[in-house]
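Enquirer: Spelled out, the chains give:
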Amino acid sequence: MATTALDQRHAPAAAHGEKTGLWSWITTVDHKRIGILYGSTAFFFFLLGGLEALLIRVQLARADNNFIDPDTYNQLFTMHGTTMIFLGIMPLSSMFFNFMIPLLIGARDVAFPRLNAFSYWVFLLGGLFLNASFLFGAAPDTGWYGYANLTSRQFSPGPNVDFWNMGLQILGVASLAAAVNFFVTIVNMRAPGMTMMRMPMFVWMSFITQVLLLLAFPVIAVALILLMFDRFFGTHYFVPAGGGDPLLWQHFFWIFGHPEVYILILPAFGIISEVLPVFSRKPLFGYAAMVFSGVFIAFLGFGVWSHHMFTTGMGPIADTFFSLSTMLIAIPTGVKIFNWMGTMWYGSLQFRTPMYFAVGFIAMFIIGGLSGVMHAPPPADLQQNDTYFIVAHFHYVMFGGSIFGLVAGGYYWWPKMFGRMLDERLGKLHFWLMLIGFNLTFFPMHFVGLNGMPRRTYTYPKELGFEMLNQIETVGSFILGLSFLVFLINIIKTSRLPRNAPADPWNGATLEWTIPSPPQEWNFDKAPSVQGRDPLWELKRLNGGPLPEPPLTSGAGIHLPNPSYWPLISAIGVTSLFVAIMMLPKWGPAGIVVAVALLFFGIYNWLFEKGYSEFRTPSHGGH
Amino acid sequence: MSDHAHALETSTGLDSRKLAIWTFIGSECMFFATLISNYLVNKGRSLVGPFAHEPWTDPATGKVLEPIIEIPLVTVGTALLLFSSLFVVLALYGAQKGNRKMLLGWLAATLLCGMFFVGMQVYEFTHFVHKGLTLQRNMFGASFFILTGFHGTHVTIGVIWLATMFYLALRRKLPPERSLNLEMAALYWHFVDVVWIVIFPVVYLIR
Numbered sequence: 037m038a039t040t041a042l043d044q045r046h047a048p049a050a051a052h053g054e055k056t057g058l059w060s061w062i063t064t065v066d067h068k069r070i071g072i073l074y075g076s077t078a079f080f081f082f083l084l085g086g087l088e089a090l091l092i093r094v095q096l097a098r099a100d101n102n103f104i105d106p107d108t109y110n111q112l113f114t115m116h117g118t119t120m121i122f123l124g125i126m127p128l129s130s131m132f133f134n135f136m137i138p139l140l141i142g143a144r145d146v147a148f149p150r151l152n153a154f155s156y157w158v159f160l161l162g163g164l165f166l167n168a169s170f171l172f173g174a175a176p177d178t179g180w181y182g183y184a185n186l187t188s189r190q191f192s193p194g195p196n197v198d199f200w201n202m203g204l205q206i207l208g209v210a211s212l213a214a215a216v217n218f219f220v221t222i223v224n225m226r227a228p229g230m231t232m233m234r235m236p237m238f239v240w241m242s243f244i245t246q247v248l249l250l251l252a253f254p255v256i257a258v259a260l261i262l263l264m265f266d267r268f269f270g271t272h273y274f275v276p277a278g279g280g281d282p283l284l285w286q287h288f289f290w291i292f293g294h295p296e297v298y299i300l301i302l303p304a305f306g307i308i309s310e311v312l313p314v315f316s317r318k319p320l321f322g323y324a325a326m327v328f329s330g331v332f333i334a335f336l337g338f339g340v341w342s343h344h345m346f347t348t349g350m351g352p353i354a355d356t357f358f359s360l361s362t363m364l365i366a367i368p369t370g371v372k373i374f375n376w377m378g379t380m381w382y383g384s385l386q387f388r389t390p391m392y393f394a395v396g397f398i399a400m401f402i403i404g405g406l407s408g409v410m411h412a413p414p415p416a417d418l419q420q421n422d423t424y425f426i427v428a429h430f431h432y433v434m435f436g437g438s439i440f441g442l443v444a445g446g447y448y449w450w451p452k453m454f455g456r457m458l459d460e461r462l463g464k465l466h467f468w469l470m471l472i473g474f475n476l477t478f479f480p481m482h483f484v485g486l487n488g489m490p491r492r493t494y495t496y497p498k499e500l501g502f503e504m505l506n507q508i509e510t511v512g513s514f515i516l517g518l519s520f521l522v523f524l525i526n527i528i529k530t531s532r533l534p535r536n537a538p539a540d541p542w543n544g545a546t547l548e549w550t551i552p553s554p555p556q557e558w559n560f561d562k563a564p565s566v567q568g569r570d571p572l573w574e575l576k577r578l579n580g581g582p583l584p585e586p587p588l589t590s591g592a593g594i595h596l597p598n599p600s601y602w603p604l605i606s607a608i609g610v611t612s613l614f615v616a617i618m619m620l621p622k623w624g625p626a627g628i629v630v631a632v633a634l635l636f637f638g639i640y641n642w643l644f645e646k647g648y649s650e651f652r653t654p655s656h657g658g659h
Numbered sequence: 009m010s011d012h013a014h015a016l017e018t019s020t021g022l023d024s025r026k027l028a029i030w031t032f033i034g035s036e037c038m039f040f041a042t043l044i045s046n047y048l049v050n051k052g053r054s055l056v057g058p059f060a061h062e063p064w065t066d067p068a069t070g071k072v073l074e075p076i077i078e079i080p081l082v083t084v085g086t087a088l089l090l091f092s093s094l095f096v097v098l099a100l101y102g103a104q105k106g107n108r109k110m111l112l113g114w115l116a117a118t119l120l121c122g123m124f125f126v127g128m129q130v131y132e133f134t135h136f137v138h139k140g141l142t143l144q145r146n147m148f149g150a151s152f153f154i155l156t157g158f159h160g161t162h163v164t165i166g167v168i169w170l171a172t173m174f175y176l177a178l179r180r181k182l183p184p185e186r187s188l189n190l191e192m193a194a195l196y197w198h199f200v201d202v203v204w205i206v207i208f209p210v211v212y213l214i215r
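Protein chains in written order, with my numbering: chain A, 37 to 659; chain B, 9 to 215.
One chain only, chain A, in its complex shape:
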């Protein structure tokens, strides 16, 4: 997306140096550029994951089909899930964290700009590493939750599981570094007057997401380390023959895995809570209730993990506890749904493209939420577990929820990010194709699932009568794919138009709309002063109408952090450490020594970099 480089009009004073070309992107520490890097990389992986899904749908379009062999099928569904979660939805959320959080809280950048660049590079290298497994014909093939003892050396002798193990470990480093960064940014970098209870809802939901990341990712990190020891050093943590217990993996995985689904959905909740008020011309209904229901969802998220494990036979007490805690989650989620509807109620609704996706989100997410409550009781879950009913459920929350929300955010913030409006007609065409394609693909899965079609099985016999519904699903999936083609055409078409988006195209309420589109590198000439929850609406009210277009400024005297390539060097160090572990026992030991040396080299040069006072963080205050 080279077209997004700041054009000449926006080039700051010469003091800030050359800002175009590949090298400027490799060394950038600007949160907006890192956001664009996150977004474009994640969108590429998202399309890759979509392609994997389409191959799966082609295979399932006919009974007894042999378009794809079972082993390849295993790799495709594993990589589809892993890609969409870790390389699609999470980094697409990260795009908005990066680009929007500093703008929404009135900051000049994140708390640690170089750490931010480091997170991106580790994510990129981790994603490439995970997908490099295809080149070796050894993509992960044990499902995205890699249950023991399928992952043991005995049953998975190849490198497939190691690619998955090391890949997730690398991506975890990126997520944790970013989580520390955004946690500190939100707590510490808010503009004067921006109290916690005045923060935009997207910032609140992002904040809760960072807490979940900080507390959930260490658990999967340890579980992956234990698996690594089982596979490389002959321990028996998950091997019953040596005294270990495969179920321990499931507990560790889902203690991480359930908070993970809230990590995937909460940012979308936040985006919707920004879009709905602006296009309803009303403040968000029940702000405090929205904040606390988000906190409550996150808290409960750590107490429901075993509802993924009802079929393992945990006994009536555990089943009852986890069933009840799961049903409890419907309460704060319901609070959110009603507050979104309350926001629209008697609003002056403006049906622009972001609003279409936001309303679509509410409808689709309700369906996903209801089917979720349906398998909260263990007896029902025993029937539904591992069938297409579950596949339908989590696609309604992950696609109907997260992706609809992220796309709404994409259309909403596109003018701010790139200075161009996306085409409304193509945007609405995208919406209708996506809504129809999505429902055609996933709604019939409820029925084939309840009729007993198992997930993760590469084909089914004709006599079971699943064929017609599967064909409808396949047609739907291609319509869904087509909808994203329309989105791409929209991007390409509008990228040729002049960069003329106004600073405030939607009559927005929040701080990002007070500065030019796209923002200048230093965001705000001086830190804005915030008096309420919808600061821009308040300013416009005091002004008696729309504000004049903010002028471009020279940025003279504003201090920005220098570009740096040490984050990239350190990221290469982290990645090569895990690559070296994969090469145990032969080349691994030497590789580990080299990787650790590279990591220390990167980190020490980073810490003592010239132009940065040691460990310096930039202030966000104006000068």
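No lab work stands behind these hints, which were simulated from the structure alone. C-beta atoms are modelled at their ideal positions from N, C-alpha and C, and glycine is treated no differently. Heads up, some of the hints might be wrong.
[Claimed, not checked] EDC-like mimics (lysine to aspartate or glutamate), calculated; alpha carbons at most 20 Å apart, straight line:
hint : chain 1 : residue 1 : chain 2 : residue 2
1    : B       : Lys-181   : B       : Glu-191
2    : A       : Lys-55    : A       : Glu-557
3    : A       : Lys-562   : A       : Glu-574
4    : A       : Lys-646   : B       : Glu-185
5    : B       : Lys-139   : B       : Glu-62
6    : A       : Lys-562   : B       : Glu-17
7    : B       : Lys-181   : A       : Glu-645
8    : B       : Lys-139   : B       : Asp-66
9    : B       : Lys-105   : B       : Glu-191
[Claimed, not checked] Covered by chain B, per the in silico footprint, the following chain A stretches (three or more residues, Cβ under 8 Å):
hint : segment
10   : 206-216
11   : 222-236
12   : 245-257
13   : 273-286
Since chain A is already given, all that's left is putting chain B on it; use the hints.
Expert: Showing chain B alone in chain A's frame:
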């Protein structure tokens, strides 16, 4: 030095780097919580000895052997590690007051304690391996080595971090207005100590 004045212009008044260390420590708690859970779940699942607190029969020779845990040496290591938390506070006090002798002296004492602890652990691990306890031998061995090993790795990283601070202090690059650099390392060091306060009774004292 003017950067420091700016770094304090935060919403909470707390330096962002200090907040970041606290955030990281919060995350690390879950890392060790998982490792400790893994130890508690697995320590009793060994199919063969050696065991931590019970005598065991060597299947090869048929001899009954002593429990493998030996508390005295680890107690010395534990005591020194806990004292080092006090020492690093005194070093930080020296750094904040610009008392170079105090800074260097107590930092050296902290480093020596840390290095003794790591050395003690290397000795203990080697000793256990000689007595037949390995990662692969049984579930106690696997979960013991991974828990104490990851703690030892944290101590080692702490030693490297504090040694870097010692080097900076020697080169007179740790003046009072930059004492926060040492404070961050000290926070991490305290955390590593606190985790050991949990691990020591869980592994060595509770039967």
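Enquirer: Look at each hint and say if it fits the structure.
Expert: Cross-check of the supplied hints:
Between the alpha carbons of B/Lys-181 and B/Glu-191 the distance comes to roughly 14 Å, so the proposed pair stays at or under 20 Å and holds. The hinted pair formed by A/Lys-55 and A/Glu-557 meets the criterion: a straight-line CA distance of about 10 Å does not exceed 20 Å. Restraint check for A/Lys-562 and A/Glu-574: satisfied, since their Cα atoms lie roughly 19 Å apart, inside the 20 Å limit. Pair hint A/Lys-646 plus B/Glu-185 holds up; C-alpha atoms about 19 Å apart against a cutoff of 20 Å.
The suggested pairing of B/Lys-139 with B/Glu-62 holds, with an alpha-carbon distance near 15 Å, which does not exceed 20 Å. Straight-line distance between C-alpha atoms of A/Lys-562 and B/Glu-17 comes to about 13 Å, which keeps the hinted pair within the 20 Å bound. Restraint check: the Cα-Cα separation between B/Lys-181 and A/Glu-645 comes to about 15 Å, which is no more than 20 Å; the hinted pair holds. Among the hinted pairs, B/Lys-139 with B/Asp-66 is consistent with the structure: their alpha-carbon atoms are about 11 Å apart, no more than 20 Å.
Between B/Lys-105 and B/Glu-191 the CA atoms are separated by roughly 13 Å; this keeps the pair inside 20 Å, and the hint holds. Proximity of the segment 206-216 of chain A to chain B, defined as three or more residues with a beta carbon under 8 Å from a beta carbon of that chain, is established by the 3 residues found. With a cut-off of 8 Å between beta carbons, the segment 222-236 of chain A has 5 residues touching chain B; three or more are needed, and the interface restraint holds. Counting residues of the segment 245-257 of chain A whose C-beta lies closer than 8 Å to any C-beta of chain B gives 7; at least three are required, and the coverage claim holds.
Using a Cβ-Cβ cut-off of 8 Å, 6 residues of the segment 273-286 of chain A lie near chain B, which meets the minimum of three, so the contact claim holds.
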